[in-house]
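> Going by the UniProt record's numbering, the residue at position 221 of the sequence shown is 221; the numbering climbs one at a time, nothing skipped.
Take the hints with a grain of salt, since some may be wrong.
BS3-like cross-link-like pairs, simulated, lysine-lysine; straight-line CA separation at most 30 angstroms [unchecked claim]: (1) Lys259 with Lys358; (2) Lys355 with Lys437; (3) Lys33 with Lys22.
In short, the hints are calculated from the structure, not lab data.
These figures come from a predicted structure and were not determined experimentally.
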Amino acid sequence: MAVCCDLEVDVNGEETFLLDKKIICSFSGRLCKLFDKSTNAKRNKVKFRDFTGGVENFELIARFCYNNGKIDINPSNVSLLYFAAQFLEMNNSVSGNRNLIEKTMKSIEEISYWTWSDLLATLKHCQDLQSSGIVERCLDSLVGRLAIPSEASPCASTSSLDSPGFWLSCDTRSTKSLKDGFSQATWWFEDLSILSPDMIEMLIKSMVSRKYNHVIIGRFLFHYQKSKFYTASPDEKHQVLETVIDMLYTLDTNSISCKSLFRIYRVVLNLNISKNSRNKLECMIGSQLDQATLDNLLIPSPYGASYLYDVNLVLRFLKAFLCGGDQQVSPMRIKKVGSLMDMYIAEVAPDPCLKSSKFLALVVALPDSARDSSNELYHAIDIYLEVHAGLSDEEKMKICCALNYEKLSTEAGIHLSQNAKFPSKSAVQALISQQLKLKNLLQGTNNTKLYTNSPCIFIETKGKAKKDEACEPTLYSERLDISVDNEKLREHLQGMQCRVMELEKVCKKMQSEMAKIMKSKAAAHSSSARSLPRLCS
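All chains, full assembly: derive it from the sequences and hints.
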């Protein structure tokens, strides 16, 4: 039988095929429609610009047509043949029982018998193709097989995964350590890192819907980002990062490593990702702020900013932490963040470019319950006021008002009262607070019942509080009748009394100096008034 070559096909500008138009058109509905409208030329020419699978795949299609619908369809070529058959409309209406679409679909239906390597090869061929049923089926089969390793992980060697029966026969109960168990649960990381960001998104959504271990998913996403960045272009890095962040956001927050999130954020600093993805990342970090370290928070300020560290970012972290999301923020977690913030505030306080409004925002960002002691915060404020000596009294008082003087230790209170960098009002408040603290301690001791082997004896100490017209701090200095059993408490209270007496002397000295200054100003004003008539005369 003579075969004519009346059809010239240019495939993607790579190679030209000379074919029998009648044979090809008997299988392709698209070409048949095309030539029905054409003239009766001796030779027709067709040019494909983006033919799926290129020259090799078109050659498979030609063989299928010339072999009267017979071809070896396997996992390595089924995806490309399927897409090409869809494009050329090689359906039942044209070729009857010799339908390539039906043949490829039948092969795809047997996907449960494919090996792990076959699934990966098929997905690799589908990387740049539009989503279709074959991609979803391959991913679904992958996730179905991964659902078993999450409970009993198969061995890490992919060479042993080529048998479908492997998934039921592998026994990992002999695992000797948790480390080995975890490595077996993550054997597939490297294999699936070849997938495109779009496929990774489909994969993770499928894993989440099947309630796969979120800790393992999170670790895979971090591994995927790191492995992809070795060879990715700037645009590809941009897409990979956004996909990883969006998928991490769908996971349980407790399953994600805070350290890894900060590593991702430092990568983000050099890439202009979408605002939505950046907000998601900051929200995830903020919700775990109690797991962060000081080094994590010391992120340089954005380009063009005058201050050293990105204070606005830390404030956004704090906002996300306090909102809590679906979790209730416990007092213990708040106190951990309070301790972390005290260290951070002390670190940024020496920055001469840090505005008082930003410093104040850091100081008041957390509730008072976040700190058992205000000593560290006082230390940070002391540093800031020393560096920013040009602040007005009003600005200083706004910052000092954030201090809880009752939570200052006696030593810190004495230091504040003698600290010239702090406003005088703040020093007086510190003195009063220390005295009230001692008063409450003394009253609590006087009302305590002491229990011994003998019948209970209630010891009452009489005392009077003097209140003068100047409202000066009052010292309760009556001797305490304390038993020998409370000798340590007695010594502690006597020490407190001595310290408060010192504070009283400092306060009186300050009041005396203020009175002298006021008297000096009044005398100067009076002298100026007396000299005015002489000038007029």
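> Does the structure break any of the earlier hints, and which numbers would those be?
2
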